[in-house]
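Participant: Sequence:
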Amino acid sequence: MISTLYVIIIALLSMVAARPNLQRRGLPGAVYYCDGENFSGKHCTWLEPNEVCHQLEPGFIKSLGPDPDGTCTLFKDAKCTAGQELMTVRFPGKGSGLPDSVAFKCSPNSNSRREGTVELAAKTLDLDDRLAGGVGSMERVEHLAEIVRMEEDGFSEGLIGLKKKVYY
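All letters in the sequence shown, in the order written, are residues -18 to -1, 1 to 150 by mature numbering (1 follows the signal peptide of the UniProt record, and there is no 0).
Hint data in this document are derived by calculation from the structure and do not stem from the laboratory. Everything hinted at is true.
DSBU-like cross-link-like pairs, simulated, lysine-lysine; straight-line CA separation at most 35 Å:
hint	residue 1	residue 2
1	Lys76	Lys24
2	Lys76	Lys58
3	Lys61	Lys87
4	Lys24	Lys87
5	Lys24	Lys58
6	Lys76	Lys44
7	Lys61	Lys44
8	Lys76	Lys87
9	Lys58	Lys44
10	Lys61	Lys76
11	Lys58	Lys87
12	Lys24	Lys44
13	Lys61	Lys24
14	Lys44	Lys87
Bear in mind that the values here come from a model prediction, so they are computed numbers and not experimental data.
Put together the whole structure using the sequences plus the hints.
Facilitator: Here you go:
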């Protein structure tokens, strides 16, 4: 009886200590949006954090999802002018019910530490074998020059992986 209880306690303690570095995923200030409701449609895009005013056709965005610790503001005008805000959207976003806007701008929340979060995440995440090629993996490092060239080129040949089931 005592040995069984001892084994259970050790097992529970080891599970608690197994992943001391869990972190939220996402990049504060990044956003995913689609021209269809509930993140559907023909055109869905993810934008990295940049705090730029993005102009679109009126009513194009039907669903908008900022990453954790980020906020997006929809505007009436194409220059994202203060005082012309229509709606502010926070994580996890809105799948429908967005007003017709012509521009939006996303940024990390004021209490967010975007650069530190990204750097820390890259250094401390335990890599999952199912995510070969992820940030910090040796496979990604081996192909980094090629990945950078593809990003600079704007993925003119499409986004095709170098190897099946490997995500860069």
